[in-house]
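Q: Given the sequences, and given the hints that come with them, work out the whole structure.
There are 2 protein chains.
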Amino acid sequence: MSGDTGEGTGKGGAVRDVCVIGLGLIGGSVLRAAVSSGRNAWGATASVSDADAAAADGYDAGTDVVEALRRAASSEAVVVLAVPLTAVESVLALVERHAPGCLLTDVTSVKVPVRDAARAVAPSVTFVGGHPMAGTAESSWHAAAAELFAGAAWVTTVEPDTVLAAWQEVATLAVDLGARVVPLGAGTHDETVARISHLPHLLAAVLASVGAAGGPVAAALAAGSFADGTRVAGTRPALVRAMTEGNRTALLPVLDEALGALGAARGSLASTGGLASTIDAGHKAARKLAEHRHAPTTSVRVRLSAPDARDALLAVGERGGYVTAFDGDVALAEVP
Amino acid sequence: MSGDTGEGTGKGGAVRDVCVIGLGLIGGSVLRAAVSSGRNAWGATASVSDADAAAADGYDAGTDVVEALRRAASSEAVVVLAVPLTAVESVLALVERHAPGCLLTDVTSVKVPVRDAARAVAPSVTFVGGHPMAGTAESSWHAAAAELFAGAAWVTTVEPDTVLAAWQEVATLAVDLGARVVPLGAGTHDETVARISHLPHLLAAVLASVGAAGGPVAAALAAGSFADGTRVAGTRPALVRAMTEGNRTALLPVLDEALGALGAARGSLASTGGLASTIDAGHKAARKLAEHRHAPTTSVRVRLSAPDARDALLAVGERGGYVTAFDGDVALAEVP
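Those protein sequences? They're chains A and B, same order as listed. Here the first sequence stands for residues 1 to 336, numbered as in UniProt numbering. Here the second sequence stands for residues 1 to 336, numbered as in UniProt numbering.
One thing to keep in mind: the hints can contain errors.
[Stated by the list, open to error] In the SDA-like style, the derived pairs of lysine to any residue whose C-alpha atoms are separated by at most 20 Å in a straight line are:
| hint | chain 1 | residue 1 | chain 2 | residue 2 |
| --- | --- | --- | --- | --- |
| 1 | A | K284 | B | R241 |
| 2 | A | K288 | A | T298 |
| 3 | B | K288 | A | G224 |
| 4 | A | K288 | B | G234 |
| 5 | B | K284 | B | G260 |
| 6 | A | K288 | B | G215 |
Source of the hints: derived by calculation from the structure; they are not laboratory data.
A: Structure (C-alpha cells):
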C-alpha cells in the first residue's frame with residue numbers, strides 16, 4: 001500500500017493500490033504500467049504460465065485470486081477485472097465474497113453485459129466499467145507492455161447510478177497509465193465498438209472466406225486492398241468470438257446497417273449498373289471521420305461535485321473528447 | 001527503334017519499341033520503366049498536364065495520340081493502352097484506324113469487357129489483355145515510378161484465340177519491367193479481382209459509412225481494425241467506380257457470396273448467439289491464403305510452340321504460378 005505522494009483522490013487524497021485479476025495482454029499491461037507509474041500493485045490469475053512469467057519478471061503475482069482480493073479489501077485497492085468475458089461472472093462472484101465494498105473496474109470489450117452482471121452478481125461492490133482501446137491480437141503476459149495504453153482511448157462508463165468519486169478513481173488510474181479517458185454510457189460504448197471494432201472483424205472474416213474461394217489465383221493476385229481488409233482475420237478466433245458474441249444486442253442492428261448498405265450496392269449494380277452512391281458515401285464518411293480525428297480541440301473543465309457533472313462528462317465523450325488529467329475534483333478535458 | 005541487343009522475340013528477335021497511350025500512374029510508370037529497361041519508348045495522352053510533366057522529365061511524350069499511334073505502326077511497336085476504362089473504346093477506335101495490325105495490350109482492371117471491346121472495335125489489331133496489380137490510389141504522371149512493377153503480379157490473358165507469339169511479346173515487356181507474369185483467361189481474371197480487389201473496396205465503403213454513422217465517438221474510439229478495414233475508402237471515387245462498375249458481371253455473384261456469408265452471420269447471431277462458423281471460416285481462409293503465398297515453388301518450362309502450350313500456361317496461372325523469364329520460345333515459370 002502506497003500513499004506518500006499525496007496525489008489522486010479517495011483515501012484522503014492518497015493514490016490507491018491496484019489489484020489486477022487476470023494477467024494476459026491487458027491485465028499484464030495494467031500491472032506493469034501501474035508499477036511504472038509508482039503505484040503499489042499486485043496481480044493474480046488462474047493461468048499458471050502467466051502468473052509464473054509475471055513473477056519471473058519481478059512482479060507481485062500469483063495464482064491465488066482469493067488471497068489477492070482479500071488483500072485488495074484490506075488496503076482499499078482498486079480492483080481491475082482483466083479476465084476473458086466468459087470468466088467475468090465467476091470472478092465477480094469471488095469479488096462479492098472476498099472484497100465486498102471494494103472499488104471495481106474492468107477492461108473487457110463490452111460494457112452493458114458486464115454492468116448488468118456486476119449489478120446482479122456483485123451488488124456490494126462499487127463498479128465503474130472500463131475499456132482501454134488497445135490490442136486484441138495477442139493474449140499472454142509475454143505480450144504485455146507498460147506503454148500499451150500511451151495515448152490510447154480508455155472508455156470509463158458514466159451511468160445514472162455511477163458514483164462519481166469512484167469514477168474519478170478509475171479515470172485517474174487510466175490517466176496515470178497514459179490513456180485518454182473517454183466518459184461514455186455503457187450502451188453508447190457497446191454500439192460504438194460494434195461499429196468500429198466488431199463489424200470490421202466480421203467483414204474481415206467474410207472477405208477472407210470469399211477471397212479464399214478464389215483459390216491459389218486469388219492468393220497470387222491479392223494485394224493492398226485485400227491485405228488491409230483481411231488483416232484482423234488473423235486474430236485468434238476465441239477472442240473475436242468473445243467480443244462479438246458478447247456484444248450481440250448492440251451488434252445485431254449494426255450488422256443490419258451493413259447488410260442494408262451492401263444489399264443496396266448489390267441492387268444498384270444489378271439494376272442500373274451504378275455504385276456511385278455506395279462509393280461516394282464511403283469516401284465522404286472516411287473523410288468525415290478523418291476530420292473528426294484531426295479537429296482542433298478546446299479545453300473544458302468539469303467539476304465532479306456540480307449537479308450536472310454526469311451530463312457534462314457524457315457530453316465530453318459523446319463529442320469525441322477525452323479527459324487528460326484531474327485538478328482536485330475537476331476533470332480537465334479536451335473536446336473537438 | 002532499338003534492336004541491337006538480340007533479346008526478346010518477334011521482329012526477328014529484336015526488342016520491340018513501346019508506345020504508351022495514357023500517362024497517368026500506370027501508363028507513366030510503363031513509359032519510365034520501359035526506358036529504364038533499355039527500350040525505345042514514347043507516350044501520348046489527352047491530359048495536357050501529364051504530357052507536359054512527362055516531357056519536362058525528359059520523356060518523349062506529347063498530346064498527339066494519332067501521331068504516336070502512326071509512329072507505332074511504322075516501327076512495329078507494342079502499343080500499351082493505359083487510359084481509364086471509360087476511354088478505352090474511343091482509343092481502340094483510334095488504334096484500329098491509325099495502327100491496324102499492331103500488337104496491342106492494355107493495363108486496365110477488367111479483362112472481359114476490354115477483350116470484347118477490342119474484338120468489336122479493333123478487329124485488325126492483335127490484342128493481348130494485361131493487368132499489372134499495382135497501385136490505384138494515385139493517378140497522375142507525378143505518382144509514376146519505374147519501380148512500380150518490381151515483383152508485382154502482371155496478368156496477361158490467354159484466350160482460345162490468343163496468338164502466343166503476341167502473348168510472349170507482351171509478357172516479355174512485363175518481365176522486362178520487373179513483374180511476375182500471371183497467364184489467365186480473361187474471365188478468371190475478372191472473377192478473381194472481383195474477390196480480392198473490388199469486393200474489398202465495396203466493404204471498405206460500407207464500413208466507413210456504418211462507422212461514420214457513429215459520429216464523433218466512433219472517430220475517437222476507432223483503432224486498428226477499423227483503420228485497416230477502411231483504408232481504401234480514401235481512394236478517388238471515380239477510380240473505384242470505374243473498376244467496380246466495369247466488372248459488373250463478375251462482381252455481382254461475388255457480392256452475393258459476401259451478402260450470403262454476412263447474412264448467415266447475422267442469422268446465427270440472432271438465433272443461437274453464435275458466430276463460430278463465420279469467424280472460424282474467416283480465420284482458416286486467411287491462413288490458407290497465407291500458406292498459398294508462402295508455398296515453395298517448382299520450376300516449370302512451357303514451350304510456346306507445343307500443341308498444349310495454351311493449357312500449360314493457364315495451368316501455371318490457375319495454380320498461383322507466374323512466368324519469370326523466356327528462353328527462346330520457352331516460358332520459365334515458378335508454380336507453387
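Q: Are the hints correct? Go through all of them and say.
A: Here's how the hints hold up against the structure:
1. A:K284 with B:R241: holds (14 Å)
2. A:K288 with A:T298: With a Cα-Cα distance of about 19 Å, the restraint between K288 of chain A and T298 of chain A holds, given a limit of 20 Å.
3. B:K288 with A:G224: The given pair, whose Cα atoms are some 18 Å apart, holds under the 20 Å limit.
4. A:K288 with B:G234: holds (11 Å)
5. B:K284 with B:G260: Answer holds: K284 of chain B to G260 of chain B is near 18 Å, not above 20 Å.
6. A:K288 with B:G215: holds (9 Å)
Consistency with the previously given hints is maintained throughout, with no hint failing.
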